[in-house]
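Chemist: If you want the building blocks of each chain, they are given just below.
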Amino acid sequence: DAGVIQSPRHEVTEMGQEVTLRCKPISGHNSLFWYRQTMMRGLELLIYFNNNVPIDDSGMPEDRFSAKMPNASFSTLKIQPSEPRDSAVYFCASSPDPAETNEKLFFGSGTQLSVL
Amino acid sequence: GIQVEQSPPDLILQEGANSTLRCNFSDSVNNLQWFHQNPWGQLINLFYIPSGTKQNGRLSATTVATERYSLLYISSSQTTDSGVYFCAVESDKLIFGTGTRLQVFP
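Just so you know, the protein sequences line up as chains F and V, in that order. The numbers in the numbering used here rise by one with no breaks, and the one at position 53 of the first sequence is 506. The numbers in the numbering used here rise by one with no breaks, and the one at position 24 of the second sequence is 1468.
Excised from the complex, chain V in its bound form (with noise of 0.2 Å):
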């Protein structure tokens, strides 16, 4: 099956930096969505984005689909930006990779 790979594993910030997240998969793919899981457990769906460019406040995700590869930014990162971000792909079912853990201290 299709291989999701987040990177990096974690990521610790100060309040203000600003990060990229990358994922990578192994195949094409029908979809591909964004998620944050909040120190709770909740998970937000953040972007539905198989192709382009997207931007929504503070974050914005680009997947270049032919290269295999999307990146999601976060500018002027706030402490509740912290928790897992997910990248989650589809091509018969969604599959999720294993998340980008962040931390933004004050």
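Extracted from the complex, chain F is given alone in its bound form (with noise of 0.2 Å):
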């Protein structure tokens, strides 16, 4: 398997402007999430899916994120507006059915989004 897809791996947008995040999980894997990675904040958990329903999303800063999970294979991460704050590098990480005794999180390549 090619591992946790993330796309584009690099954004700078200017400040007002709607930011899209791409993620392809690891075939198979029924959680998903998306973290944020600022210098100040560390890793944060912002949202998770579990079977593409959301969980938990007490970590998503304001209603100007939003996250989907429209399907297995996919799932996005929206900021609109964008605003320089939100720059952060955002990961996407999945991992297998809770039930299973042996779960582990696996992370995409990151996001580097600068918001100017």
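Check the hints yourself; a few may be wrong.
As the list claims (entries may be wrong) - Distance ranges between label pairs, derived from CB positions:
#1 Thr473(F) <-> Gly1501(V): 37 to 45 Å
#2 Val506(F) <-> Ile1456(V): 41 to 49 Å
#3 Thr1542(V) <-> Pro549(F): 22 to 30 Å
#4 Ala1509(V) <-> Arg462(F): 36 to 44 Å
#5 Met468(F) <-> Tyr1517(V): 28 to 36 Å
#6 Phe527(F) <-> Ile1456(V): 36 to 44 Å
#7 Glu536(F) <-> Ser1470(V): 27 to 35 Å
#8 Glu1511(V) <-> Lys531(F): 25 to 33 Å
#9 Asn524(F) <-> Ile1456(V): 43 to 51 Å
Stated by the list, open to error - List time: in silico DSS-like cross-link candidates among lysine-lysine, alpha-carbon distance up to 30 Å:
#10 Lys531(F) <-> Lys477(F)
#11 Lys531(F) <-> Lys521(F)
#12 Lys477(F) <-> Lys521(F)
#13 Lys531(F) <-> Lys557(F)
#14 Lys557(F) <-> Lys477(F)
#15 Lys531(F) <-> Lys1537(V)
#16 Lys557(F) <-> Lys521(F)
#17 Lys1537(V) <-> Lys521(F)
#18 Lys1537(V) <-> Lys477(F)
#19 Lys1537(V) <-> Lys557(F)
#20 Lys1537(V) <-> Lys1498(V)
#21 Lys1498(V) <-> Lys557(F)
Just so you know, the hints here were simulated from the structure itself, not pulled from any lab data. Just so you know, even glycine gets a beta-carbon here, dropped at the ideal spot from N, CA and C.
Hints given; two lone chains; assemble the complex.
Modeler: If you want it as structure tokens, here you go:
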């Protein structure tokens, strides 16, 4: 398997523009996670899905952020409108069924977002 | 929520040295994982270790769940070990510590 695939790798945009980040989890994994990494706050969980259903979105910073998982092989994280303080690396991760006893989290390469 | 503290925050080693990284957590957890983030930003899962001891080559990890800590041992360090090591624990969701930044010099 190619692992968790994220796109784009880098995104530079202007304040106020809409940003869409994409993620393809590992095939067969039932859980998908969106994390944000900044120097100040480290790695923060934004939202996670289990079997395509959002389970916990308490980490989503504000209404400008939204995430969807229309099917088991694709998820998006959207920021509208974007602001400079949204600049960060956004990671997507997936894991097998939580009922499995050896649950591991696998990360994508991340999207480096810069909002000017 | 659960607090996850890692120590030391920074570590500088010469190639060949051994090191121990520590992760303390404030409450009972279902899951504990160690990750390495390389200088290019890639996060790699090292161990899934809610309890006990595991070894993988020069790396090993021990979690003592009853005392709420985990240790990551790196033996005979190499320059490729450089990066940030994160501990992550889960009760209802996975929470990351602030990491230990390791620099290994030749």
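Chemist: Against each hint, give a clear statement of whether it holds in the structure.
Modeler: Against the structure, the hints come out as follows:
Checked against the hint of 37 to 45 Å, the C-beta distance between Thr473(F) and Gly1501(V) comes to roughly 39 Å, which is consistent with it. The given range of 41 to 49 Å is respected by Val506(F) and Ile1456(V), whose C-beta atoms sit roughly 45 Å from each other. Restraint check, Thr1542(V) to Pro549(F): a C-beta distance of roughly 27 Å satisfies the suggested window 22 to 30 Å. Taking 36 to 44 Å as the suggested C-beta distance range, the pair Ala1509(V) and Arg462(F) conforms, at roughly 38 Å.
Taking the beta carbon of each, Met468(F) and Tyr1517(V) are about 46 Å apart, not inside 28 to 36 Å as hinted. Look at Phe527(F) against Ile1456(V): about 42 Å separates their beta carbons, and that is inside 36 to 44 Å. Distance hint check: the CB atoms of Glu536(F) and Ser1470(V) are about 32 Å apart, consistent with the given range 27 to 35 Å. Taking 25 to 33 Å as the suggested C-beta distance range, the pair Glu1511(V) and Lys531(F) does not conform, at roughly 43 Å.
About 46 Å separates the C-beta atoms of Asn524(F) and Ile1456(V), a value consistent with the hinted range of 43 to 51 Å. Annotation: proposed proximity of Lys531(F) to Lys477(F) holds, straight-line Cα distance about 15 Å (limit 30 Å). With a C-alpha separation of about 8 Å, the suggested pair Lys531(F) and Lys521(F) falls inside the 30 Å cut-off, and the hint holds. For the given pair, Lys477(F) sits about 12 Å from Lys521(F) by alpha-carbon distance, which is consistent with the 30 Å threshold.
Proximity of Lys531(F) to Lys557(F) is assessed by CA-CA distance (about 26 Å); at most 30 Å being required, the pair is judged to hold. Proximity of Lys557(F) to Lys477(F) is assessed by CA-CA distance (about 17 Å); at most 30 Å being required, the pair is judged to hold. Taking the CA atoms of Lys531(F) and Lys1537(V), the gap is near 22 Å; set against the 30 Å cutoff, the hint holds. Restraint check for Lys557(F) and Lys521(F): satisfied, since their Cα atoms lie roughly 22 Å apart, inside the 30 Å limit.
Restraint check for Lys1537(V) and Lys521(F): satisfied, since their Cα atoms lie roughly 19 Å apart, inside the 30 Å limit. At most 30 Å may separate the alpha-carbon atoms for a hinted pair to count; Lys1537(V) and Lys477(F) meet this at roughly 21 Å. At most 30 Å may separate the alpha-carbon atoms for a hinted pair to count; Lys1537(V) and Lys557(F) meet this at roughly 13 Å. Taking the CA atoms of Lys1537(V) and Lys1498(V), the gap is about 23 Å. The hint holds against a cut of 30 Å.
At roughly 14 Å between alpha-carbon atoms, Lys1498(V) and Lys557(F) fall within 30 Å of each other, so this suggested pair holds.
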